[in-house]
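Asker: Chain residues, written in single-letter form:
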Amino acid sequence: MPFADASDQSATMPEVDLRWTAALMCALTAAGGAIAGLLLAWVWLWPSHVELYVLPQLGVPKMIASLDGWTRLSGFLASMLPVSVLLFALYQAFELFYGYRLGRIFTFQAPTRLRRIGFCMVALGLLRPLTHTALALILTANAPPGQRMLSIALSLDDYMIAFFGGLVLAISHVMVAATKLAEDHSKII
Amino acid sequence: MPIIVNLDVMLARRKVRSKELADVVGITEQNISLLKSGKVKGVRFETLERICAYLDCQPGDILEYQPEAEALKQKSPAR
Numbered sequence: 001m002p003f004a005d006a007s008d009q010s011a012t013m014p015e016v017d018l019r020w021t022a023a024l025m026c027a028l029t030a031a032g033g034a035i036a037g038l039l040l041a042w043v044w045l046w047p048s049h050v051e052l053y054v055l056p057q058l059g060v061p062k063m064i065a066s067l068d069g070w071t072r073l074s075g076f077l078a079s080m081l082p083v084s085v086l087l088f089a090l091y092q093a094f095e096l097f098y099g100y101r102l103g104r105i106f107t108f109q110a111p112t113r114l115r116r117i118g119f120c121m122v123a124l125g126l127l128r129p130l131t132h133t134a135l136a137l138i139l140t141a142n143a144p145p146g147q148r149m150l151s152i153a154l155s156l157d158d159y160m161i162a163f164f165g166g167l168v169l170a171i172s173h174v175m176v177a178a179t180k181l182a183e184d185h186s187k188i189i
Numbered sequence: 001m002p003i004i005v006n007l008d009v010m011l012a013r014r015k016v017r018s019k020e021l022a023d024v025v026g027i028t029e030q031n032i033s034l035l036k037s038g039k040v041k042g043v044r045f046e047t048l049e050r051i052c053a054y055l056d057c058q059p060g061d062i063l064e065y066q067p068e069a070e071a072l073k074q075k076s077p078a079r
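From first to last, the protein sequence lines stand for chains X and R.
The first sequence begins at 1 in my numbering and counts up by one.
The second sequence begins at 1 in my numbering and counts up by one.
Some hints could be false.
As the list claims (entries may be wrong) - Cross-link-like lysine-lysine pairs, in silico, DSSO-like; alpha carbons within 30 Å at most:
id, chain 1, residue 1, chain 2, residue 2
1, R, Lys36, R, Lys19
2, R, Lys19, R, Lys39
3, X, Lys180, R, Lys36
4, R, Lys36, X, Lys187
5, R, Lys39, R, Lys15
6, X, Lys62, R, Lys36
7, R, Lys41, R, Lys15
8, R, Lys19, R, Lys41
9, X, Lys62, R, Lys39
10, R, Lys41, X, Lys62
11, X, Lys187, R, Lys19
12, R, Lys15, X, Lys180
13, R, Lys36, R, Lys15
14, X, Lys62, R, Lys19
These are calculated hints, taken from the structure and not from any lab test.
Could you build all of it, start to finish, from the sequences and the hints given here?
Answerer: As C-alpha cells, then:
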C-alpha cells in the first residue's frame with residue numbers, strides 16, 4: 001500500500017516569504033553600494049559640496065581649507081578607504097541574501113560571509129576616526145604654517161559600529177555550529 | 001560502523017527495486033542508496049516503519065549490530 005508522497009516539491013509559504021525578503025535585500029544592498037559610491041564622488045567633485053558637507057563635519061574653517069582638484073582627489077581617495085570596506089561588506093551581504101534566495105541557508109558559506117561582514121564593521125569603527133584625521137590634514141595641507149589642522153575625533157557611533165561588528169562575529173561563530181548540526185540532521189533519513 | 005544495514009538483502013528477497021521503495025516510503029532514491037551503503041547518520045522511526053510495512057519485515061531484518069572486534073574483546077567478558 002503506497003504511502004502519501006512526503007517529498008512535496010512546491011514551496012511552502014515561509015519559503016516564498018524568505019525568497020521575497022532575500023530578493024528585496026539583494027536589491028537594497030546593491031542599491032546601497034551604488035549610492036554610497038556615487039554620493040562620495042558627487043560630494044568631492046564640486047568644491048561647493050565639500051564646503052557644505054565635509055568641512056563642517058571635520059570642523060575645518062573654510063578660510064584655511066584648500067579645495068583645488070588635487071586636494072579633492074586626495075580627499076576622495078582617503079574617503080574611499082572606509083567606503084571600500086563598506087562596499088565589501090555590502091557585497092558579502094548581497095551574496096549572503098542571494099544564497100538565501102536560492103535556498104542555500106544552512107551552508108558553510110553563510111557564516112563565512114557573516115564573519116566577513118563582522119570584520120568589516122569592526123574595521124569601519126577603527127577607520128572612521130583615522131579617515132577624519134586624514135581628511136583634516138589633507139584639506140589644510142596647503143594652508144600657511146600655523147594654520148594647518150590635526151583633528152582627532154572619536155564618537156560613540158564609531159564604538160557602536162565596532163561593537164555590533166563584534167556581535168555579528170559572535171553570531172557567525174554560532175552559525176558555524178548550527179550549520180554543522182543542520183548537516184548532521186540532513187543525514188538522518 | 002557497528003550497525004550493518006541489510007536493506008539490499010531484503011530488497012532482493014522481496015524483489016523490490018530501490019526506486020519503487022523510495023517512491024513508496026517518500027524519500028529520494030539517493031537516500032535509499034545511502035541507507036543501503038550505511039552512510040546515513042540515522043533513520044527516523046517513521047521511515048523504518050514504512051520500509052518494514054512495505055517489505056513485510058522486522059527492523060531486525062534490515063538492521064544488524066556487529067560490534068567491532070576490539071570492543072568485543074574489552075566489553076564482553078561473559079561471552
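Asker: Each hint needs a verdict: does it hold in this structure or not?
Answerer: Comparing the hints with the structure gives:
With a C-alpha separation of about 13 Å, the suggested pair Lys36/R and Lys19/R falls inside the 30 Å cut-off, and the hint holds. For the hint linking Lys19/R to Lys39/R, the alpha-carbon distance of about 18 Å falls within 30 Å, and the restraint holds. Restraint check: the Cα-Cα separation between Lys180/X and Lys36/R comes to about 24 Å, which is no more than 30 Å; the hinted pair holds. The hinted pair formed by Lys36/R and Lys187/X meets the criterion: a straight-line CA distance of about 13 Å does not exceed 30 Å.
Annotation: proposed proximity of Lys39/R to Lys15/R holds, straight-line Cα distance about 23 Å (limit 30 Å). Taking the CA atoms of Lys62/X and Lys36/R, the gap is near 78 Å; set against the 30 Å cutoff, the hint is violated. Proximity of Lys41/R to Lys15/R is assessed by CA-CA distance (about 26 Å); at most 30 Å being required, the pair is judged to hold. A threshold of 30 Å between alpha carbons decides the hint, and for Lys19/R with Lys41/R the separation of about 21 Å falls inside it, so the pair holds.
The hinted pair formed by Lys62/X and Lys39/R fails the criterion: a straight-line CA distance of about 72 Å is larger than 30 Å. About 70 Å separates the Cα atoms of Lys41/R and Lys62/X, which puts this hinted pair outside 30 Å; it is violated. Proposed proximity of Lys187/X and Lys19/R is supported: the alpha carbons are some 19 Å apart, at most 30 Å. Restraint check for Lys15/R and Lys180/X: not satisfied, since their Cα atoms lie roughly 37 Å apart, outside the 30 Å limit.
Between Lys36/R and Lys15/R, the direct Cα distance comes to roughly 15 Å. Compliance with the 30 Å bound is thereby established for this hinted pair. For a cut-off of 30 Å, the pair hint linking Lys62/X to Lys19/R is broken: about 79 Å separates their Cα positions.
Of the hints listed earlier, those the structure fails to meet are numbers 6, 9, 10, 12 and 14, in rising order.
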